[in-house]
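Chain by chain, the residues run as shown.
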Amino acid sequence: MILPLADVPAPEIDYRELSPIMATVGGSIVVLMVGLLRSPFARRTLVPALTAVTLLAAIGLTIWIWEPGDREPIIVRALAMDTLTLGVSILFFVSGLVTIVLSLRSDAPREAGHGEYYSLLLGTITGMVVLAGAENLITLFVGLELLSIPLYVLCATELRRRTSLESGLKYLIIGSVGSATLLYGLALIYGAAGSTQFSGIETAIGERVGLSDPLLLTGIALAATGLAFKASVAPFHQWTPDVYQGAPTPITAFMAVATKAAAFAVFLRLFDSTLGLSQLQWAPALAALATATIVIGNVGAIAQRSLKRLLAWSGVAQAGYLLAGVVVASELGLRATAFYLAVYLLMNAAAFAVVVARERVSEHGDDLASLELLGRTQPWLAWPMTIAMLSLAGFPATAGFIGKFYLIDASVAGDYTWLGIVIVVGSVVSLVYYLRVVAVMWMGRYEVELPGLPRRRVKPVAGWSPEADARAQPEVAAVAIVFAAATIAFGLAPDPLFDAARDVGTALSNLR
Amino acid sequence: MSATSYGWLVLAFPLAGLFVTSFGWRVLPGRLPGWLASAAIGLAFLASIGALVQLQDLPAEERSVVDSAWTYVGTAGVGADLAILVDPLSVFMCLVVSGVSFLIHVYSVAYMASDRGYARYFAYLNYFVFSMLLLVLAANFVLLIVGWAFVGAASYLLISFWYRRTTATYAGIKAFVMNVIGDVGLLIAAFLLLNETGSLGYAGVFEGAEDAFTRNDGTLVAACLLILVGAFAKSAQLPLHTWLPDAMEGPTPVSALIHAATMVTAGVYLIARTHPLFELAPTAADIGAIIGALTLFFAATVALAVTDLKRIIAYSTISQIGYMVLGVSVAAYGAGLFHLMTHAFFKALLFMGAGSVIGAMAGLQDIDRMGGFRRAMPFTFVTFTAGALALAAFPLTAGFFSKDEILAFTINRGGWYWALAIVGYVAAGLTAFYAFRMVFRVFYGDPVPEARELEEGHLAHGEPQNPMSGEPEDADVGFPGPEHHIAERSWPMKAAMGPLALLALVAGVVQIPGVTDVIEHFLEPTFEDSRFHDTAPTEGSELIGLVVGGLLAIAAIAVAFTVYLRRPGTADRLRERFAGVHAFLFNKWYFDELYDAVFVRPTATAGSFGRRVVETDFVQGFIVGGATGLVRAGTSFARAIQTGYLRAYALLLLLGLAGLALYFLIASS
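So the sequence lines, in the order shown, correspond to chains C and L. If you want our numbering, it's the 1-based position in the first sequence plus 977. If you want our numbering, it's the 1-based position in the second sequence plus 4.
Each hint should be verified, as a subset may be incorrect.
[As the list claims (entries may be wrong)] Some but not every residue of chain C turned toward chain L, in silico, with C-beta under 10 Å:
| hint | residue |
| --- | --- |
| 1 | Gly1012 |
| 2 | Leu1013 |
| 3 | Arg1015 |
| 4 | Ser1016 |
| 5 | Pro1017 |
| 6 | Phe1018 |
| 7 | Ile1279 |
| 8 | Trp1357 |
[Said to hold, decoys possible] Which residues of chain C face chain L? A few of them, derived with a C-beta cut under 10 Å, are:
| hint | residue |
| --- | --- |
| 9 | Ile1006 |
| 10 | Val1007 |
| 11 | Trp1043 |
| 12 | Gly1177 |
| 13 | Thr1195 |
| 14 | Phe1213 |
| 15 | Asp1219 |
| 16 | Leu1254 |
| 17 | Thr1268 |
| 18 | Ala1278 |
| 19 | Ala1455 |
| 20 | Ile1458 |
| 21 | Val1459 |
[Claimed, not checked] Negatives, chain L to chain C, calculated, CB over 12 Å:
| hint | residue |
| --- | --- |
| 22 | Val57 |
| 23 | Pro286 |
| 24 | Val386 |
| 25 | Pro468 |
| 26 | Asp478 |
| 27 | Leu555 |
| 28 | Leu556 |
| 29 | Gln624 |
| 30 | Thr639 |
| 31 | Arg643 |
| 32 | Leu659 |
| 33 | Leu664 |
Please keep in mind that the hints were generated in silico from the structure rather than gathered at the bench. Predicted model only: the values in this text are computed from it and were never measured. Positions of the beta carbon are idealized from the N, C-alpha and C atoms, including for glycine.
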């Protein structure tokens, strides 16, 4: 009776290459279970610790299976665990670790349940890895949804704050529109090419289906829209400031870095590699989107007072810079994009850590005013923020400078010199808001001390708690300092990152 | 340790000294910053000796070692390594720079003792030495330009060290602007070379130039001329010399160190370093030689007429560097660098002596007010005279051998180079004359009141005032300190001047033609690829040159003796008789006035026009106003569409999608 079924061959699975995903999935389940324990120790300490262990293990496994070159996709050619996937996966894991540290004293896990919070975090990371490695349209969509749905929930985890709920709901609705668009586009691409497999689509284009086939191009347009939405590329960016502002700040930090990296990984794989032949068709459109994104992101950031909104708009602008690396569809572009994504993680982690540290203690929340005089009162926070801002603006001797340089280099080499110029002009405009943050910290109101009277050190009577004291959250300051230091270190000696980016560049073999 | 390890140490010590003195100025007591800074330079000198020993251990053909500490961005194919080149030329320069710098640091310990900016002074001085050593040790044009710009900045900082003196700040600005002209020239030259040879390292450029350029290729000549612009601006050659006399506004040890012994000779080093290029572009080398000859004559004539003691020595410096430039431009590299070394000794010494005299005059620098210091300042007198003898190329002193070797090489080139050599000999006579004009006017004759006071044991204390403008000053920070220092009363000053006086008299023995030739042999590995390597003048012709030069020097000193001592008043009669010539020389051939009329005034007029019309109305009003208005409008637009309503967001998403799809459909049809 059952015997005929046994004839169906089970898919060949390379468990070695699958191991990072297995780690995160397994970790997610274990964390959820441990979260059910009643003991506060298990929930508050064990759960984050297990999550961190999971991510560290995943990083270790990723490095273990790291192998440059064009890798054969695994599981019936559904998933490519090549250096592109693994490279961005490390970014996901590291930003996951950052999120854990920033969440330790946050309201969000307490209110939503520690097990659920961290389990969802691991779930969305799993989705990102699947998305980045997707080798066919189905896997791509599964990955995207696996990424998105836990994130919608995570955005709303501060249950007692209305803006958090609003953020989650907005993200869910508008995200569904984006997903639907992408799905529609994938369907049309499948319809035109007759295959869901990326390699099948690649061979079909130019042979069975013309380069300017309307069905294919409409599909590309819809797919581009869906991915651009995830990467907050204008004009599909409008959810970004609202959602970033409302979501719990550790989750905002995670979204800003990891979601963007995942979206760009798909962009690179789907557009540069699979649809690479029709680059002449889609590149001008993406270049136009990049320009619009750089302009709108930078212009929108100028008027912001909320730091989280400011970083959201800045993230939009940065997405525009990154898109330039996709537009040129070259190996140099791939390397530059990967490099910049890594750098972007460093500087954003530092900046968001400072925001987290300040919004917990300051009466101004995440308003710019919360940073006033930080240079005098808490230089250990002011310096990382300064470095992060300068790096985001692309100051020399920071990693951001080298990242931008790399992207501009790729644009110029890919015959998109004007896009390189747009990046430079955008960076100039961006100084307006990045430097204002720096100015507020170092040049704010100058308190005049009365001579003879020693300064009184009194803890605020109301609203003070050990969790809220700046000195009592050393782990947040540590994140800020470590990542700011890395920003400088890689700005002075970028070679290790260059080497990694070079490895990533070998992942897609059919690039120019 | 290898030669390059010592090379890095040479750089590390002054850098460490810079940090210690600049961050420790609050806590380091008394003269300690000065001693620490001096020790740093002393250690750098020892490290230079270490590099020398290690280098001499290597076989001759391997005595050029490059060590790269760190590769910065390698993407764009620009080899901008932090790399040093240790070869005989750079070690030679390191030894001269760190050795002379060490003595001048020691001198400054006493000379600057009462200045309120004591630690700042030594921080600047260490910064300068670090930059200068970086310049000479650089293995590529990038690092060279870094060092080049650093020494310019150090020079600016030290010229305007007394920053509350208006004249000093103006002089600093003038020097900086002139130097930046040179920096730009050098930068463009480096770019041209990178463009044609694809390299920035010396080795790569020189090898690439062989393939990329034919002889006297237009681009190469242009690059070499731009290098000359850089060299001439730094070395104060015509027509970029006007900043150096004004740079005498800085403290006297600074004049000795930067504006006589080391920085101003960087141009000579640069030409010697890039000699493979100049030999491929003989036209540029000839222009360098001609300008060197013109400069040495021009400056020697001006030094006859000016009366400010430090400015006489400054013009003398310009003239002597003219000899060096002439030397390295006619491929007499060893001779040019030998003169660089001896000049560093005797010119630093002359400035130190002048500093001592100026101290005795309570800050006054006009030689018309000086006289008869011989008995009051015996040590200064003896050492200053030693320096003057070397400058005058009196037989058997250091300057005698080095200057005449340059001229002998020039004659040896034949043809029209003869004319340059004759100019050189005429100027050599003038040099001897003005050197002893200083000695006779300052130390002989009737003692002036200050000298009499000093003989009785009182050091004159004038009202603090600016010697250039006569403005009264206080002794606060930013002005010179209240105390004056003379060598007779400060052992560190003596300790610095004594060795230099000895060197000025006897350093020539290292390079007696046909006898010792130490410098020539030592530098041989660097210059043996030269086309002119085998065309050295014969010993006989060099000896004839020495005899002629020696006789000229003695004759000129005799004339000076007659004019100033045997028949006092001759100078005044001459001045009245040739009033026009005197005015022409006294006003330095009217170069400053010429520049004022040709460059400064039109620029200032254009500038004020630009400020009123272009800047205010066009740039501020239209461009800046327009751009900020545009950004502001964009911001309010972005805010306006950011309504917070999901339906609006979805609408824009769909609109964007429609636009994208429309584009694809239009593009496909």
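Here's how the hints hold up against the structure:
1. Hint on Gly1012(C) is violated. Least Cβ distance to chain L is approximately 32 Å, over the 10 Å limit.
2. Interface hint at Leu1013(C): violated, since its Cβ lies 35 Å from the closest Cβ of chain L, which is beyond the 10 Å cut-off.
3. At about 40 Å, the closest approach between the beta carbon of Arg1015(C) and any beta carbon in chain L exceeds 10 Å, and the interface hint on this residue is violated.
4. Restraint check, Ser1016(C) versus chain L: the minimum CB separation of about 41 Å is more than 10 Å; hint violated.
5. The beta carbon of Pro1017(C) is not positioned within 10 Å of any beta carbon in chain L (closest approach about 38 Å), and the interface hint is therefore violated.
6. A least Cβ separation of about 42 Å between Phe1018(C) and chain L goes past the 10 Å threshold, and the interface hint is therefore violated.
7. For the restraint placing Ile1279(C) at the interface with chain L, the shortest Cβ-Cβ distance is roughly 5 Å, inside the 10 Å limit, so the hint holds.
8. Contact between Trp1357(C) and chain L, as hinted, is not supported at the beta carbon level, the nearest pair being about 20 Å apart and thus beyond 10 Å.
9. Look at Ile1006(C): its Cβ only gets to about 34 Å from chain L, farther than 10 Å, so that hint breaks.
10. Interface hint at Val1007(C): violated, since its Cβ lies 37 Å from the closest Cβ of chain L, which is beyond the 10 Å cut-off.
11. The restraint placing Trp1043(C) at the interface with chain L is violated, with a minimum CB-CB distance near 23 Å, outside the 10 Å limit.
12. Checking Gly1177(C) against chain L by beta carbon gives a least distance of about 21 Å; that is not within 10 Å, so the hint is violated.
13. Of the supplied interface hints, the one on Thr1195(C) holds, with its beta-carbon coming within about 6 Å of a beta-carbon of chain L, less than 10 Å.
14. The beta carbon of Phe1213(C) comes within 5 Å of a beta carbon in chain L, closer than 10 Å, and the hint placing it at the interface holds.
15. Below 10 Å, beta-carbon pairs count as interface contacts, and Asp1219(C) has one with chain L at about 6 Å; its hint therefore holds.
16. Contact between Leu1254(C) and chain L, as hinted, is not supported at the beta carbon level, the nearest pair being about 14 Å apart and thus beyond 10 Å.
17. Interface hint at Thr1268(C): violated, since its Cβ lies 13 Å from the closest Cβ of chain L, which is beyond the 10 Å cut-off.
18. Because the beta carbon of Ala1278(C) sits about 9 Å from the nearest beta carbon in chain L, less than 10 Å, this interface hint is met.
19. The closest approach between the C-beta of Ala1455(C) and any C-beta of chain L is roughly 27 Å, which is over the 10 Å cut-off, so the hint fails.
20. Because the smallest distance between the Cβ of Ile1458(C) and any Cβ of chain L comes to about 22 Å, over 10 Å, the interface hint for this residue is violated.
21. Of the supplied interface hints, the one on Val1459(C) is violated, with its beta-carbon coming no nearer than about 23 Å to a beta-carbon of chain L, more than 10 Å.
22. With a least beta-carbon separation of about 33 Å from chain C, Val57(L) lies farther than 12 Å from that chain, consistent with its non-interface assignment.
23. No Cβ of chain C comes within 12 Å of the Cβ of Pro286(L); the nearest lies about 39 Å off, and the non-interface call holds.
24. Val386(L), annotated as away from the interface, keeps every beta carbon of chain C farther than 12 Å; the closest lies near 53 Å.
25. With a minimum CB-CB distance of about 34 Å to chain C, Pro468(L) clears the 12 Å threshold, and the non-interface call stands.
26. Every CB of chain C is more than 12 Å from the CB of Asp478(L) (nearest about 28 Å), matching its label as outside the interface.
27. Separation of Leu555(L) from chain C is adequate, the least Cβ-Cβ distance of about 60 Å exceeding the 12 Å criterion.
28. Against chain C, the non-interface label of Leu556(L) holds: every CB pair exceeds 12 Å, the least being about 56 Å.
29. Its beta-carbon lying about 17 Å from the closest one in chain C, Gln624(L) satisfies the requirement of being farther than 12 Å from that chain.
30. At the 12 Å boundary, the C-beta of Thr639(L) falls inside the reach of chain C, the nearest C-beta of that chain being 5 Å off.
31. A cut-off of 12 Å between C-beta atoms contradicts the statement that Arg643(L) is not in contact with chain C; the least separation is 6 Å.
32. The Cβ of Leu659(L) does not lie farther than 12 Å from every Cβ of chain C; its closest approach is about 7 Å, which violates its non-interface assignment.
33. Taking the minimum C-beta to C-beta distance to chain C, about 4 Å, the non-interface status of Leu664(L) is violated against the 12 Å cut.
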